[in-house]
Amino acid sequence: MPEPDRWADAGTPDQGSADAVISAHRGALTLAPENTLDSYAYAFAYGVDLVEVDVQQTKDGRFVTLHDSTVDRTTDGTGNIADLTFDEVRALNAADYAPWKGSAYDPAQVASLEEVLALAQQAGKGIELDIKGSVTEEGELAVLVGEYGLVEESIFNSGDPRIFIAEPGARLIYNRDRWEPNFLIYEIAEIFKVFGSRLDEYTPESIAAAHDACAIVMPHAYDAGPEQEVAQFVQARAMGADGVQTNQPALIVAAAGEAVGSAIEVNRGEHGRIDEICLVNADNGFGFPGKPVRFDRGTKSAELTTGRGGCVAPPDGHWLGARVTFAGDGAVHASTARLVP
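One point on numbering: in the UniProt record's numbering, the residue at position 58 of the sequence shown is 58, and numbering is uninterrupted.
None of these hints come from the bench; they were simulated from the model. The beta-carbon is built from N, C-alpha and C at its ideal position, and this holds for glycine as well. Warning: the hint list may mix true and false statements.
[As the list claims (entries may be wrong)] When the alpha-carbon atoms are kept at most 35 Å apart in a straight line, the in silico DSBU-like pairs for lysine-lysine are as follows:
hint	residue 1	residue 2
1	LYS193	LYS132
2	LYS132	LYS101
3	LYS132	LYS59
4	LYS59	LYS193
5	LYS59	LYS101
[Said to hold, decoys possible] The calculated label-pair distances, taken between Cβ atoms and stated as ranges, are:
hint	residue 1	residue 2	range
6	THR203	VAL143	31 to 39 Å
7	GLY321	THR203	53 to 61 Å
8	ALA8	ASP60	51 to 59 Å
9	THR336	THR12	42 to 50 Å
10	GLU265	ALA8	51 to 59 Å
Build the full structure now, drawing on both the sequences and the hints.
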């Protein structure tokens, strides 16, 4: 039952969702170029509930993932994305900006929405669709999400009624401002079942009002800067928020105490030769880059850091029979494997 008195004075703040709802803003954009498949895959590796995807529509009606209305900032092309065909956008290099230019991720391709939906389907997670101004066919967009069976898991950042017409079960996110009184938050939450935007626009009272209409609250953790994301997450949860949208999913997963399981996979090439070992999420197979893995065989040892896809070539020399170990960290549990013939 609604408790309007708590919209004026919440007293003890609500308890948010038992498991924090975490949305990775443009994927894991500190680990790979934003809005690329690598960025989304890394976010899903950390077990996030959603990846936030900036959706644009090309001249020929296809949906792609890019934040800006032009391709200038993050690719080697120029012009409005709405004036370019899908093939023209796909021919661009989506890693043509600092710090990714010249990195292991250069070149990268602007992802199609279908590719991101397939990743989410593999992970068993959802997409937070930030629908940009180039999109003119929001009903078709909702139908596409439905074709991948991801409507219930996903969130649409839009108020276009064509989404509801196409997919009546769709969830919409409302980006609040400070002007809305809490009784209006309750009324808005009858339609918009997710609330976002800046953390400083929320109070325990406004969160209580949203919860009374069975909505969830997941403000940004990143607006105060990268060094403050964990503190912003902790503050949001203390106020009763259900989760956050983050630029650094690994840090937030660790802060939430929701570390994911890992596994060490051995990839073999010709004649069974070990080409690489990969540290991956044990449930969905997505890799963890930038993690130290240790090789031990007899009296010798070596430590290497995983690269793109969570993979690394074994050290030079003879390592068959070696034990490979990842010691674990706050976001990813430990794992071991043996390099058998």
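Self-check item: Those earlier numbered hints the structure runs against, lowest number first
Solution: none
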